[in-house]
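> Following the UniProt record's numbering, the numbering of the sequence shown begins with 1 at its first residue and continues without gaps.
Please keep in mind that the hints were generated in silico from the structure rather than gathered at the bench. There could be a bad hint or two in this list.
Stated by the list, open to error - The calculated lysine to aspartate or glutamate pairs, modelled on DMTMM-like cross-linking and capped at a C-alpha distance of 20 Å, are: (1) K152 <-> D167; (2) K123 <-> D90; (3) K148 <-> D90; (4) K47 <-> D36; (5) K159 <-> E44; (6) K148 <-> E124; (7) K128 <-> E162.
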Amino acid sequence: MSDIQVTQIDASYAQTLSALGRRLFADTFSSDNKPDNMEAYLDESYKPEIQEKELNDPKVYTYMAFDENKTPVGFAQLRVNEKVYDFVGDPEAIELQRIYVDKNCAGKGIGSKLMAACLAKAKELNKKTMWLGVWEFNPNAIKFYTNKGFHKVGSHVFKIGEQEDTDHIMVLKL
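Let the sequences and hints guide you as you build the complete structure.
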């Protein structure tokens, strides 16, 4: 998997990101959510026009991982927020909003390459802290983040349609 390339993408990738995001989010969470809740969330978060808006937002940085065939196999998004939870401990912290890898490519270092790109951007922006939300029942993701140095500082509610889940808020000092 050394042929994986991670690139910051722009709005010309809106359709690609929309399709990839919908697929990877559904692959990860469909079995734990009712179909109508999943569809509502996917429509709310991954329509092409929503992705285009995010890709044009100067406070959002999006990276896509491509395999040796130039097929997208993962993505990550950083967001500079106007408001950060007090328990994050740094009002200027940057959010790792999304990081997803194709389940067929899990364990091949793609998540680490995406994380490295995000950490480099955060440091370039002179950020001292990165934070994220991760579903409390996603042990693989929690382990990944813990291995990268993140630790839990709190929690918040994450809605998928009408379903309310609890996300751990995890923080990494840069």
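> So, for every hint listed, does it hold in this structure?
Cross-check of the supplied hints:
1. K152 <-> D167: Roughly 10 Å separates the two Cα atoms, so the pair holds.
2. K123 <-> D90: Distance of about 15 Å is within 20 Å: holds.
3. K148 <-> D90: Measuring from Cα to Cα gives roughly 19 Å; hence the hint holds.
4. K47 <-> D36: holds (16 Å)
5. K159 <-> E44: Within the cut-off at roughly 11 Å; holds.
6. K148 <-> E124: Holds: K148 and E124 sit about 19 Å apart, inside 20 Å.
7. K128 <-> E162: Violated, at roughly 35 Å.
Of the hints listed earlier, the one the structure fails to meet is number 7.
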